[in-house]
Amino acid sequence: MSRAWVALLDEPAPAADAQAPLTTFEGEPAGWLAAWLRRAKPVREARRADPRLIDRDGEPATLSVVWPERA
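Going by numbering that gives the first Met the number 0, the first residue of the sequence shown is number 0, and it counts up by one from there.
Heads up, a few of these hints could be off.
What the hints assert, rightly or not - Distance windows between CB atoms, simulated:
(1) PHE24 x SER1: 28 to 34 Å
(2) GLY26 x SER1: 33 to 39 Å
(3) ARG2 x GLU27: 18 to 24 Å
(4) SER63 x ASP16: 30 to 36 Å
(5) GLU25 x ARG2: 18 to 24 Å
(6) VAL65 x PRO11: 31 to 37 Å
(7) PRO50 x LEU21: 16 to 22 Å
(8) THR23 x SER1: 30 to 36 Å
Honestly, the hints are just simulated from the structure, not real lab data.
Using N, Cα and C, we set each Cβ at its ideal position, and we do this for glycine too.
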């Protein structure tokens, strides 16, 4: 299985394989969700993900994210 990475970022990631703007339930901007399909970790904030999660042509969706701090 190939490796995939996702990150919550303040700005779009030019080298991401897929990304989408995030908003709160109230419609306020909340950063960007970026995803990469590659072996090496693309940015410090990235976390490993199942590659099946990434769909460049997917429809907008409601997403609930729990993003724990790294120790």
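Hints, verified against the model:
A hinted range of 28 to 34 Å holds for the C-beta pair PHE24 and SER1, which are about 33 Å apart. GLY26 and SER1 have their C-beta atoms about 35 Å apart, which keeps the hinted 33 to 39 Å range intact. Here the CB-CB span from ARG2 to GLU27 is close to 32 Å, at odds with the stated 18 to 24 Å. A C-beta distance of roughly 23 Å is found between SER63 and ASP16, which places it outside the suggested range of 30 to 36 Å.
Between GLU25 and ARG2 the C-beta distance comes to about 35 Å, which lies outside the given range of 18 to 24 Å. For VAL65 and PRO11, the Cβ-Cβ distance of about 23 Å falls outside the hinted range of 31 to 37 Å, so the restraint is violated. The given range of 16 to 22 Å is respected by PRO50 and LEU21, whose C-beta atoms sit roughly 21 Å from each other. Between THR23 and SER1 the beta carbons are some 32 Å apart, a value that agrees with the proposed interval 30 to 36 Å.
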